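Colleague: The listed protein sequences correspond, in order, to chains A and B.
Here the numbering used here = 1-based position in the first sequence + 335.
Here the numbering used here = 1-based position in the second sequence + 6.
FYI, nobody ran anything at the bench for these hints, they're computed from the structure.
Everything numeric in this text was worked out from a predicted model, so none of it was measured.
Some hints could be false.
Keeping only pairs whose Cα atoms sit at most 27 Å apart, straight-line, the calculated DSSO-like set for lysine-lysine is [as the list claims (entries may be wrong)]:
1) B:K19 - B:K143
2) A:K451 - A:K343
3) B:K178 - B:K152
4) A:K418 - B:K19
5) A:K343 - B:K178
6) A:K451 - B:K178
7) B:K178 - B:K143
8) B:K274 - B:K167
9) B:K152 - B:K167
10) B:K272 - A:K343
11) A:K447 - B:K178
12) B:K19 - A:K451
13) B:K167 - B:K143
14) A:K343 - B:K167
15) B:K272 - B:K167
16) A:K418 - A:K343
17) B:K274 - B:K143
18) B:K178 - B:K167
Residues from chain A that keep clear of chain B, each with C-beta distances beyond 10 Å, as calculated [unchecked claim]:
19) P346
20) E381
21) D387
22) L413
23) A414
24) L416
25) L439
26) V440
27) P443
28) L446
29) K447
Glycine included, every Cβ here is placed at the ideal spot set by N, Cα and C.
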Amino acid sequence: MSTELEQKAAPRPEQITYANLLQYGAWTGIVLMLITYTLYMAGVLEPHVPIDLVVTNWNHGIHEYIAATNSPVGWEWLALLDKGDFVNFIGLALLAVMTIICYLVLLPGYLKRGNKIYATICILEILVLCLAASGILGSGGH
Amino acid sequence: MAAEDMAQGGGGKPWWFWPLVLFFFCFVLGIIAVLAGVGGGVLYVPLVSGFFPFHIDFVRGAGLMVALAGALAAGPGLLRRNLASLRLALPVAIIASTCSIGGAMLGLYLSSLDPNIVQACLGGTIVGIAVLLLCSKNTANPVVTKQDAIGMALGIHGVYKDESLGQMVEWKTHRTLLGLIMFIFIGVLAGMFGLGAGWANVPVLNLLMGVPLKISVATSKFLLSITDTSAAWIYMNQGCVIPLMAIPSIVGLMLGSFVGVRLLTKAKPTFIRYMVIGVLFFAGLKALDKGLGLGFLG
Chain A
336 MSTELEQKAA PRPEQITYAN LLQYGAWTGI VLMLITYTLY MAGVLEPHVP
386 IDLVVTNWNH GIHEYIAATN SPVGWEWLAL LDKGDFVNFI GLALLAVMTI
436 ICYLVLLPGY LKRGNKIYAT ICILEILVLC LAASGILGSG GH
Chain B
7 MAAEDMAQGG GGKPWWFWPL VLFFFCFVLG IIAVLAGVGG GVLYVPLVSG
57 FFPFHIDFVR GAGLMVALAG ALAAGPGLLR RNLASLRLAL PVAIIASTCS
107 IGGAMLGLYL SSLDPNIVQA CLGGTIVGIA VLLLCSKNTA NPVVTKQDAI
157 GMALGIHGVY KDESLGQMVE WKTHRTLLGL IMFIFIGVLA GMFGLGAGWA
207 NVPVLNLLMG VPLKISVATS KFLLSITDTS AAWIYMNQGC VIPLMAIPSI
257 VGLMLGSFVG VRLLTKAKPT FIRYMVIGVL FFAGLKALDK GLGLGFLG
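Please work from the sequences and hints to get the whole structure.
Modeller: Next comes the structure, spelled out in structure tokens:
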């Protein structure tokens, strides 16, 4: 009985896969942020928005800030990866995309085992997160 | 006009002053958050919006990234120890993350009308959280005599080793539907205010659904990595994440969390708990004061 319980207490393989993937992704993102922020602060890469202009406007709402700094919205930052400020978004975006990647890795396992409920949950979550990431939503106030 | 703006935005300080102060502030916050068992976001958003010169839109965007980074860093260890349960987290996460998108959009809309509305609502919510923390009595291993049909259909059950009792504990859920409904509200609040929602996840999982406290705390922390992801994307896509302030916040809080974990064995949990409740009351009242324009707290 106790051996059976100990077996049950062990994490399922998909949980270990999820954990490993999350660990590599999260730490890669954090290391990337440290490197890119250092490049930004050291002035190695010229920023798209001068730091003084950021400081002047960070007490304003997002509308005014975007207008004053000509900052990109949605995925437009991808075109500014050579700039000191927007290169930081590589690490930030990696953190925000890790859950989608983890779910994409989980899905085949659930489909293979015929676990329709969890496979459906995975598909729905991937769709929800992709919708959030797409930039289509969130324009209500703008 | 530009000089006036600069004075307001930077408070008359050089540009590096605020990121540096933010880093050290978040480092301390990270230590306190771990010792008190709360996520960083719930302390970060009200305190930074109350005492730093940043607009609340950017504070919420950074707050979500802070909570997300903390959850992503803690998640793997919790999953490997089988304290965070994927079977429990996945059904809950789909509801909370969908609703946090709605919350984020609502928050940005209200903020575009008048940021004081969001500030005042945030203050009210934080004071409510402080009351919740003060009153809630968690149960280590709640008794669930019969699992409900939804919990059974979703296979939400498990076994974990309780080190304090030295025995294996089997757990399952009850009142699963009601619990799932509660995550609609939790998701909206998390997205609207940029808070990690651990303060709400744990009581719902533990007290309502009957999940053991350790599993609730661990699953809640992991859950934030999913819930906050959807809201974080909304804020990022709107331009509400400024690297100059967001990255010192994330790095400071994470380094503070590592130190906090090391101090955990030496700290007196009761003292820390009441200290955080006190800080939350103060931060909530400050946000309310600022939002309502009363000026009692400076």
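Colleague: Could you tell me which of the hints above the structure violates, numbers in ascending order?
Modeller: Violated: hints 1, 10, 12, 16, 19 and 21.
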